[in-house]
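A.B. asks: Sequence:
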Amino acid sequence: MYKTILVPLDGSEVAEAILPHVEELAKLFGSTVILLQVMELPHLIALPKGEIYDALPQLTPAEVNQQLGETRRYLDGLVARLDADDISARALVENGPVVVTILRVARQEEAGLIAMASHGRGGPADVYYGSVAAGVLQRIDRPLLIVRAQK
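Counting in UniProt numbering, the sequence shown runs without a single skipped number right up to 151 at its last residue.
Don't read these hints as lab results, they were simulated from the structure.
Treat the hints with care, as some may be off.
To be verified - Listed next, with one range per pair, are the computed distances between beta-carbon atoms:
#1 29 to 84: 17 to 25 Å
#2 148 to 110: 24 to 32 Å
#3 29 to 63: 36 to 44 Å
#4 12 to 140: 30 to 38 Å
#5 12 to 80: 17 to 25 Å
#6 146 to 100: 17 to 25 Å
#7 145 to 60: 18 to 26 Å
#8 24 to 95: 29 to 37 Å
#9 68 to 107: 22 to 30 Å
#10 21 to 84: 12 to 20 Å
#11 83 to 104: 37 to 45 Å
Where a beta carbon is used, it is the ideal one built from N, C-alpha and C, also for glycine.
Input sequences plus hints: build the corresponding full structure.
C.D. replies: This is the structure we're talking about:
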């Protein structure tokens, strides 16, 4: 049923709360799991010069490479854990707006399911910061599994 499961992660333990659910589904359906982390690197996103651009943190190429390396090591560790449990898995690191990138990768990889954890802040925090899970839910064209992470 779910040949490919896309799992967006942000490097937090809260986001990893989805993994036990994904592991069970992958074993049940023989799915391949794609772990995705989206990096929003401001200087790699085209913005016109001005107040907004100047207010963004400017990362050096060395800092970008360091972040990219840390992200790859993190995801590779999770892939190894899944592989050890006989689950086919691979990792992707992408740059761009998080929700749009998740949806684009889901289409490109022909994911039958997107599975993610929600921080479950609710209320004013979601209004101010936005919610990736809510953004994906509003635009999704395929099944979505959302697990609210326990605090």
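A.B. asks: It remains to establish, for every hint, whether it holds in the given structure.
C.D. replies: Hint check results:
1. 29 to 84: 17 to 25 Å: holds, 19 Å
2. 148 to 110: 24 to 32 Å: At 27 Å between Cβs, range holds.
3. 29 to 63: 36 to 44 Å: Holds, at about 40 Å.
4. 12 to 140: 30 to 38 Å: violated, 22 Å
5. 12 to 80: 17 to 25 Å: Holds - the Cβ-Cβ distance for residue 12 and residue 80, about 19 Å, lies within 17 to 25 Å.
6. 146 to 100: 17 to 25 Å: holds, 18 Å
7. 145 to 60: 18 to 26 Å: Roughly 38 Å apart at Cβ, these two residues miss the hinted range, so it is violated.
8. 24 to 95: 29 to 37 Å: holds, 31 Å
9. 68 to 107: 22 to 30 Å: For residue 68 and residue 107 the Cβ distance comes to about 24 Å; the hint holds.
10. 21 to 84: 12 to 20 Å: Holds, at about 18 Å.
11. 83 to 104: 37 to 45 Å: violated, 26 Å
Violated hints for the displayed structure, listed by number in ascending order: 4, 7 and 11.
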